[in-house]
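Q: Once you have looked at the hints, place chain R with the ligands on chain P.
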Amino acid sequence: MTHLTLSNVSKQYSGTTVVKDFDLDVKKGEFVSFLGPSGCGKTTTLRMIAGFEIPSAGRVTLDDVDITDKLPNQRNVGMVFQAYALFPNMTVAQNIGFGLRIRKESESAIKERVSEMLALINLEEKGNSYPFQLSGGQQQRVALARALANRPQVLLLDEPLSALDAKIRVSLRAEIRSIQKKLGITAIFVTHDQEEALSISDRIVVMYEGKIEQVGTPFEVYNFPNTRFVANFVGSLNTADAEVVDPVKGLLSMDGFHFESAEGTKDRKKGDKIKIAIRPERFGFASEQKKANVVDSTIENITFLGSVVRIQVKIGNTKFNMDTFNNPFLELPKIGAMEQVTCSREAVLVLDE
Amino acid sequence: MKRGGIVWSWLWMIVGILYFFLPLLATFMFSLKAIKGIYSFKSYENLFADPKFLTSFSSSVIWAILTILLGIIIFVPTAYWVRLKVPQLRPIVELLSLIPFVVPAIVYVFGLVRTYSHPPLLIVNSPGLLVAGYTVLSMPYMYRAIDTGLRAIDVQTLTEAAQSLGAGWGTILFKVIFPNIRVAILSGAFLSFAIVLGEYTLAQYLAKPAFGPYIGLLIQNKAYEPAAATIISFALTWAAMGILELVGRGKQVQLVGGH
Ligand SMILES: Nc1ncnc2c1ncn2[C@@H]1O[C@H](COP(=O)(O)OP(=O)(O)OP(=O)(O)O)[C@@H](O)[C@H]1O
Ligand SMILES: [Mg+2]
Numbered sequence: 001m002t003h004l005t006l007s008n009v010s011k012q013y014s015g016t017t018v019v020k021d022f023d024l025d026v027k028k029g030e031f032v033s034f035l036g037p038s039g040c041g042k043t044t045t046l047r048m049i050a051g052f053e054i055p056s057a058g059r060v061t062l063d064d065v066d067i068t069d070k071l072p073n074q075r076n077v078g079m080v081f082q083a084y085a086l087f088p089n090m091t092v093a094q095n096i097g098f099g100l101r102i103r104k105e106s107e108s109a110i111k112e113r114v115s116e117m118l119a120l121i122n123l124e125e126k127g128n129s130y131p132f133q134l135s136g137g138q139q140q141r142v143a144l145a146r147a148l149a150n151r152p153q154v155l156l157l158d159e160p161l162s163a164l165d166a167k168i169r170v171s172l173r174a175e176i177r178s179i180q181k182k183l184g185i186t187a188i189f190v191t192h193d194q195e196e197a198l199s200i201s202d203r204i205v206v207m208y209e210g211k212i213e214q215v216g217t218p219f220e221v222y223n224f225p226n227t228r229f230v231a232n233f234v235g236s237l238n239t240a241d242a243e244v245v246d247p248v249k250g251l252l253s254m255d256g257f258h259f260e261s262a263e264g265t266k267d268r269k270k271g272d273k274i275k276i277a278i279r280p281e282r283f284g285f286a287s288e289q290k291k292a293n294v295v296d297s298t299i300e301n302i303t304f305l306g307s308v309v310r311i312q313v314k315i316g317n318t319k320f321n322m323d324t325f326n327n328p329f330l331e332l333p334k335i336g337a338m339e340q341v342t343c344s345r346e347a348v349l350v351l352d353e
Numbered sequence: 354m355k356r357g358g359i360v361w362s363w364l365w366m367i368v369g370i371l372y373f374f375l376p377l378l379a380t381f382m383f384s385l386k387a388i389k390g391i392y393s394f395k396s397y398e399n400l401f402a403d404p405k406f407l408t409s410f411s412s413s414v415i416w417a418i419l420t421i422l423l424g425i426i427i428f429v430p431t432a433y434w435v436r437l438k439v440p441q442l443r444p445i446v447e448l449l450s451l452i453p454f455v456v457p458a459i460v461y462v463f464g465l466v467r468t469y470s471h472p473p474l475l476i477v478n479s480p481g482l483l484v485a486g487y488t489v490l491s492m493p494y495m496y497r498a499i500d501t502g503l504r505a506i507d508v509q510t511l512t513e514a515a516q517s518l519g520a521g522w523g524t525i526l527f528k529v530i531f532p533n534i535r536v537a538i539l540s541g542a543f544l545s546f547a548i549v550l551g552e553y554t555l556a557q558y559l560a561k562p563a564f565g566p567y568i569g570l571l572i573q574n575k576a577y578e579p580a581a582a583t584i585i586s587f588a589l590t591w592a593a594m595g596i597l598e599l600v601g602r603g604k605q606v607q608l609v610g611g612h
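Residue numbers (our numbering), protein chains in the order written: chain P, 1 to 353; chain R, 354 to 612.
Extracted from the complex, chain P is given alone in its bound form:
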């Protein structure tokens, strides 16, 4: 059974298309992130699910009911905003109970649900505080509780962590995820932070210029990017110009240095210009003379990042980043030294020019 479906959804503002042919099926209880750069249409898509924007074309259905044209207050959808948007004139408890009061639930039922929600977000003692008396992280938790109190069919979150500082951002995202799992609620989470999306989602929808680039689990999106944009946007990536030497074997040449790619290059011809892409963590120093993908390099620069040491190497005229785990008992190479580096055939991605 489909739960939340967007089929062929598009949105135009005075002739400019900002979301185009958006197709997505979300399962019940799934945590889906919309990930993409600023202006790619994440918020617009989310707002069409919430009912704040009406699609120019396409349909939105929720539990087999077409909600495309329903007003926001007639959909059972919870929303969490970047700016918290708590009602300043109401206490925490009144904020959380707001939606229940609109549904004319009994005072005792409201009271019970509010304390349940306060317990869920670990703010039992703050029920009578006003929003301005809370920290940003606490306010956003209250906003989450308020959105959940109504038992919505879907929870929508538009960059809910962007206004918070780094530490709280990480702890609150874990809290959001655990609450979402506990309640089994479907969630759509908008972010432009790839690490956030990778860490929190069941599936990620990577968007670019109003279109879906790829939909997949964090593992799939990171390890098997479908497009050059996804490869670049999710995680960091070394790219370099190269050309096809042997399409059948997947042999490529970059400035005369040869790389083999496990990815098929059969649909390409010898001499085709392509880009090769290799993630920094897929490189390593060559411990033995392997057959494939061992190349000479010069150590250009070494950056200590804590758990990871980023080593910049130069292969021919191209600089690559190579990430290795920090090991206090291993000596790092010297800058300017010649070293052989290698990567597996699977690590070499082939992207269109």
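Straight-line distance between alpha carbons at most 25 Å, and here's what the computed DSS-like set of lysine-lysine pairs gives: (1) P/K182 to P/K167; (2) P/K111 to P/K181; (3) R/K389 to R/K575; (4) P/K211 to P/K20; (5) R/K528 to P/K111; (6) P/K70 to P/K28; (7) P/K275 to P/K211; (8) P/K211 to P/K27; (9) P/K70 to R/K438; (10) P/K104 to P/K70; (11) R/K528 to P/K126; (12) R/K528 to P/K70; (13) R/K561 to R/K405; (14) P/K319 to P/K275; (15) R/K528 to P/K104.
If we take Cβ atoms under 7 Å as the criterion, some of the chain P residues that face chain R in the derived model are: (16) F81; (17) N89; (18) I102.
Read the hints as simulated data drawn from the structure, not as lab findings.
Backbone N, C-alpha and C fix where the C-beta goes; we use that ideal spot for every residue, glycine too.
A: Showing chain R with the ligands alone in chain P's frame:
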């Protein structure tokens, strides 16, 4: 150099205070001179003994309250809607709200009389027309106060948050918007109150009992009582402001405290 600056600012402040309070003080002293040779509250006694004083004053208070209510009913939803849905029209609406400043009251009242004194719009004798006219006169203050109040809250996000929780427009206006701009509404209400209480032209030409025309009449016939009436209305207006201030205070703390 620095000291000189402080001296100057004190000097100007004192000049300002004198400019404002001296006429008031003179009026007050004058109002105490009803009995030759001694200071007394005789003129105030005379005033309170005059039944017309009370009726005209209470009429004006009623007009003021109705004006404030009508102003709130009209301008809160308008200012809210403009901010939410057509923010690009805000400068135009703001300009429109200033029209009462450029149209003299006498011109305005003759416009009202001409328009509404023959069928089908024969309402020139209705008190409603006076209240409506006062609402227009108070528009620059009321509308701007409300608009300023709305600027202090995130109207769009709060509206959307309420909508996603199932609220309709009525709930949003009464439960979310009104309470959060209470202080702004109160300050607009105070200014409207002061304007209506001192207004002469509209009440005079629409022939309604009001405090302004009453003082006008007093001035023509009495010497000391108009001064006493002026002092009373001034004191009452300030008292009204004090009450509004007190009522508004409780909420203000919360609103100012936001992030
Ligand atoms: N009401 C509107 N009228 C006209 N254009 C709009 C409107 N809302 C959004 N847009 C445009 O649509 C595009 C997508 O906007 P959207 O807010 O969905 O981006 P986003 O992916 O959420 O970006 P960000 O990460 O910056 O929030 C942008 O180019 C934006 O300028
Ligand atoms: Mg956005």
